[in-house]
Amino acid sequence: MAKMILVTDDEPHIVKILENRLKKSGYEVRTAHSGESALGEIKKEKPDLMILDVIMPPPNGYQLCRMLKEDPNYKDIPIILLTAKASESDQFWGMESGANAYITKPYDPEDLLGRVREFLGG
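Numbering (numbering that gives the first Met the number 0), first residue to last: 0 to 121.
Hints are computed from structural coordinates only; laboratory data are not their basis. One or more of the hints may lead you astray.
[Claimed, not checked] For lysine to any residue, the following SDA-like pairs were computed, each having C-alpha atoms within a straight-line distance of at most 25 Å:
| hint | residue 1 | residue 2 |
| --- | --- | --- |
| 1 | K68 | K104 |
| 2 | K23 | P58 |
| 3 | K84 | N72 |
| 4 | K104 | N72 |
| 5 | K45 | T30 |
| 6 | K45 | N99 |
| 7 | K43 | K84 |
| 8 | K23 | P56 |
| 9 | K15 | R29 |
| 10 | K22 | G120 |
| 11 | K2 | A85 |
| 12 | K68 | E95 |
| 13 | K43 | V28 |
| 14 | K68 | P56 |
| 15 | K45 | K74 |
| 16 | K2 | N72 |
| 17 | K45 | A100 |
| 18 | K23 | K43 |
[Stated by the list, open to error] Distance windows between CB atoms, simulated:
| hint | residue 1 | residue 2 | range |
| --- | --- | --- | --- |
| 19 | K22 | E117 | 28 to 36 Å |
| 20 | D107 | E10 | 14 to 22 Å |
| 21 | G113 | I13 | 17 to 25 Å |
| 22 | K22 | D107 | 32 to 40 Å |
Don't be surprised by glycine CBs; every beta carbon is placed ideally from N, CA and C.
Let the sequences and hints guide you as you build the complete structure.
So this is what it looks like as structure tokens:
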């Protein structure tokens, strides 16, 4: 059974690019366009991994990450923050929020897939 990844970004073209690439790599993909819609998707079916943008309608990526990492039902979901926010302080706060990885846009698709495989064990 394919591992399921929830991709959350408020830019539809980025979601579509990620969705296509992940599906070609054999993953099941669900999408959301805000922190609130991501929470709804998580409650329907717990993903095996999440890719979150930081800058999106509330809760933002940092807030959503922190909420999930503090919830016993979801704290074990690996979270990759994929964002244009590239400063050292942004990266610090991303990791401080509980993210497992912080990747800045523009990103290397092979690097992203490598991180996904690392967290999903394959």
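Pairwise hint evaluation, N99 against K45, where the allowed Cα distance is 25 Å at most: Roughly 17 Å between the alpha carbons, so the hint for K45 and N99 holds.
Below or equal to 25 Å on CA atoms is what counts here, so check K23 against K43. Holds, at roughly 24 Å.
Assess, step by step, whether the Cα of K23 is no farther than 25 Å from the Cα of P56, and give holds or violated. violated (28 Å)
Pairwise hint evaluation, K74 against K45, where the allowed Cα distance is 25 Å at most: The given pair, whose Cα atoms are some 11 Å apart, holds under the 25 Å limit.
If you draw a straight line from the CA of K43 to the CA of V28, is it 25 Å or shorter? This hinted pair holds, its Cα atoms lying about 14 Å apart.
Is 14 to 22 Å right for how far apart the beta carbons of D107 and E10 are? About 18 Å separates the Cβ atoms of D107 and E10, which means 14 to 22 Å holds.
For the pair supplied as a hint, K43 and K84, is the alpha-carbon distance within the 25 Å limit? violated (29 Å)
Tell me if the straight-line CA distance from K2 to A85 falls inside 25 Å. Violated, at about 29 Å.
Check the hint pairing K104 with N72 against an upper bound of 25 Å on the C-alpha distance. Answer violated: K104 to N72 is near 30 Å, above 25 Å.
Quick check: does the Cβ-Cβ distance between G113 and I13 fall within 17 to 25 Å? At roughly 19 Å between Cβ atoms, I13 and G113 fall inside 17 to 25 Å, so the hint holds.
Does the structure keep K68 and K104 at a Cα separation of 25 Å or less? The given pair, whose Cα atoms are some 24 Å apart, holds under the 25 Å limit.
Holds or violated: are the alpha carbons of K15 and R29 at most 25 Å from each other? Since the Cα atoms of K15 and R29 sit roughly 11 Å apart, the hinted pair holds (cutoff 25 Å).
This entry does not satisfy hints 2, 3, 4, 7, 8, 11, 19, 22, going by the numbered hints stated previously.
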